[in-house]
Amino acid sequence: MRRTKGAKALAFAVGVALALSACGGSDSDSSTEDTTSEGGAATGETAMTITYDIVDEAVWEDGSPITVADFECTWQAALNTPGSLGTTGYDKISTVAAGESDKQVVVSFTDLYAPYKGLFGGLIKKAAVADCNDISADFQTSINYSGTEWKMESWSKDQVVYVPNESYWGPRKASGKLVMVPKVENGIAALKAGEVDFIYPQFYAGIADELADPNVKTVIEYGGDFEGIYMNQGVEGKDANGNVREFSDAAFREGFYKSIDLDALFQQIYIPIAPEGKLLACGPMIPGKYCPEGIFGNKYSLDDAAKALEDGGWEKDASGMWAKDGVVPEVQWVINTGNKRREDTQAYLIPLLKEAGFNVVPYNCDAACYFQQRLPGMDYDLAMYISTAPPDPAYLVPAFAGDQVPTEANENKGQNYQGWVNDKATEALKNSDKEVDDDKRTELIKEAIVEMDKDYMMIPLFQFPKSGAYRTDLVGDVEGQLNNYAAFNDTYMWKDLNGDGQVVIGAEQWPECLNPITECANSSWYVWTVGQVLAPGAYRTTNDGKYEVTELLKSEPKVETK
Amino acid sequence: MKRYVARRLLWLIPTLLLVTFLVYVALRLGTDPVESYKRANARASKKKIQQYIELNGLYDGAFGYVRGYFKWLGGFLTGDWAPSIKGRTPVWPNLKDALANSLRLGVTASILGIFVGNLFGVLAALRPGRLRDTAVNTGALIGLAIPPFVSALLLQLLFSIYWQKWFGYSLFPTSGVYPPGHQGFDLPLMLKHMALPVVVVAIQTIASYSRYMRSSLLDVLNSDYLRTARSKGISERQVLLKHSLRNALIPVTTLIFLDIGAIVGGLIITEGLFEYPGMGRFFLVAYGNGDFPQLMPFMVIIVGSVVVFNLLADIVYARLDPRIKLV
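Residue numbers (my numbering), protein chains in the order written: chain A, 1 to 562; chain B, 1001 to 1327.
Rather than coming from a laboratory, the hints here were simulated on the basis of the structure. Keep in mind that a hint or two might mislead.
Unchecked claim - In silico DMTMM-like links for lysine to aspartate or glutamate, alpha-carbon gap of 20 Å or less: (1) B:1096 to A:158; (2) B:1165 to A:131; (3) B:1242 to B:1259; (4) B:1047 to A:411; (5) A:238 to B:1186; (6) B:1165 to A:213; (7) A:157 to B:1097; (8) B:1048 to A:473; (9) B:1048 to A:131; (10) B:1192 to A:500; (11) B:1165 to A:158.
Between the sequences and the hints, there should be enough to build the whole structure, so can you do that?
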């Protein structure tokens, strides 16, 4: 079960923004109920201010206080670092200044920003970097600061070891050691052999049998994860070498979509995992109030596909493949090697797509290459992955707004790796960020998703179950946060039952570098293994999909709109 | 002999220069380091890409290759190595660890495998066609026929997973060099983690060397000069230890040195199966990323070890066989 790519991103600090956040006004808990004036788009220099009061005792691992300077540094790093994964939200901030003291942070916005709870989700310690405006060369092999209950003792390609942060001031007291090791290939074997206490695997047909062991318990829940297939339209329709990305052609996308029998695919791939499961038909979104009705889903019809393609100037060549101007495009489909479910999907679909006239070829590589190179580099035609989405739909903005396609012009910022540019959707998404009225905001989100459906820009597949498997004889109290967007962020509470002084988590993916802003952090596993463990933030997500103020703040931040 | 060794050592220098230049050219043509860098750092600015090119001497044109090679060589010899393209991590610490891990695993498995394999080969050759010979031959065939991924899986299932289920603890771990959380050197723990991969490698080595030695020793035992020795009344023990084994070892020794030279390159399959961070895994990751700064030093070590162990094989060969004169 679970997780593979990052919900679009979660660069932690940025993640700020995305990850933990995306938040905003979706449910009552995450909306702007503290707003002191009526909502609506504001104009002028300062449309909104948020005042954060940091608790007096909040300090970094070296005893230095966490102050406004760290908030300011986080803002600058997320906004200005070349290659920043997400600038959304931070680009609306005009100043981060001290209030009554350096423990009071006043953040001014040029525009309303409803999902503000996603900002400052992972603070960067100013004293740990030379230049807050460009931290791209920092934190490659170590993060030497912490404002949480854990601090990093060592990190390597083989393991990361956390020990309690003795300077930590809050209620989340940690003890013993927290160890995470990469278990890309043999996590289940390592769990059954008792070498690791806990794994968080992605489900595939047969995994339940593989996990069967009297000492292993598996917990499955449905949260914000969803799997889909994404069509890369390139930057202005081109790849890095200036060649045409075929999926930039709307007719090609429509024909491709309608050539896949999604119901049959679902029966083949997902029913063995979840017999009661249903095909996801919400776009990049789990079912809920933001999901418009009557969109996406199975539109399989080879006749309709042919009509769409022929109307778009495509015709079948002598070999039965769709061609334009005599050229049959090669569609490169990337997944991470070793992911059995995705490999099964390729094995099932590629021959069928060939029959339907599409020359689809695997373009696979390992998880690090996939999520830290090919996706952020937009080096693919088709990509299949799970997004670990936060409870609020604000994550749609950095992932799908037209100005979030990473290009040289915007210093490669943003996470719209599909290159999807739809002005109507972009406007709706941007307005949703500024809309504090929950009903209106919901409509704006729906409007954007409807555009996605009309554009055939992706193929949603399944709301994916989250699962944790653990040794009941080695570790206890692990089930509290398994459904959390920031999964297993309560490791300080886990009980070491075998008395070896440590809790060991087997990680399905392993970050190759530790920078919290750049593509190093483009993976949920980065957040789980590094980001959330070390970086204090203003809010954290809860297991039931809400946001709560962390111990860093005295109280809920004060939000004022002009 | 001394002149021969000195001359060979002198020849090592141009040989290494030539081979590393060819490797340099092959890697540049085969992996396109600049494109690989761009893929690995999709959001790198033009300035950073240019810095990478300068740092690694990746100049264009035929002359650029020569100039670039000497730029790289200068950095390599002075220890000024360019960092990895992934995360800008320094190359040497990871390469050094990988080399040490592979040597530990490979040498241990080789010593065990060569000793046991040769012993079985001798035992088989002394009784050709008898039960012992048949047993050794059959065992060798089985050992050779079982691929490492099968023996690894069986060993992991038996000694790790089922042992845990039956006895509540795992006899040998399934992966790694040390258990999770461990830091620093600990010989017993290290040996425990090496046990299964060593056995997997040793199975193949034992099987191979038992066949080599049996064949080589049978040739020697049936030779005319041994018949002469026996006719002079020399005991069978002396025939075996003084005359037969030494001669039978000559071809086997060459193989031993060549095999040990190859170990430096890593045991890709075994290291993969046991998630063992050796040279094989180092290479796979570096090659997969097109990581030029990691691949060049790796290749230099491989080339160097092959050349050096070839030289050692020649020297030992000459020492074992007085008929061979190295001049």
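Tested hints:
1. For the hint pairing residue 1096 (chain B) with residue 158 (chain A), the CA-to-CA distance comes to about 15 Å; that is within 20 Å, so the pair holds.
2. A C-alpha spacing of about 53 Å is found between residue 1165 (chain B) and residue 131 (chain A), which places the hinted pair above 20 Å, so the restraint is violated.
3. Of the pairs offered as hints, the one joining residue 1242 (chain B) and residue 1259 (chain B) is violated, with about 26 Å between alpha carbons and a cut-off of 20 Å exceeded.
4. Using a Cα cut-off of 20 Å, the hinted pair residue 1047 (chain B) and residue 411 (chain A) holds, with the two alpha carbons roughly 12 Å apart.
5. For the hint pairing residue 238 (chain A) with residue 1186 (chain B), the CA-to-CA distance comes to about 54 Å; that exceeds 20 Å, so the pair is violated.
6. At most 20 Å may separate the alpha-carbon atoms for a hinted pair to count; residue 1165 (chain B) and residue 213 (chain A) meet this at roughly 8 Å.
7. In summary, the hint linking residue 157 (chain A) to residue 1097 (chain B) is supported, as the alpha carbons are separated by about 11 Å, within the 20 Å threshold.
8. Of the pairs offered as hints, the one joining residue 1048 (chain B) and residue 473 (chain A) is violated, with about 50 Å between alpha carbons and a cut-off of 20 Å exceeded.
9. For the hint linking residue 1048 (chain B) to residue 131 (chain A), the alpha-carbon distance of about 17 Å falls within 20 Å, and the restraint holds.
10. With a C-alpha separation of about 18 Å, the suggested pairing of residue 1192 (chain B) with residue 500 (chain A) holds against the 20 Å cut-off.
11. With a CA separation close to 26 Å, the supplied pair residue 1165 (chain B) and residue 158 (chain A) exceeds the 20 Å bound.
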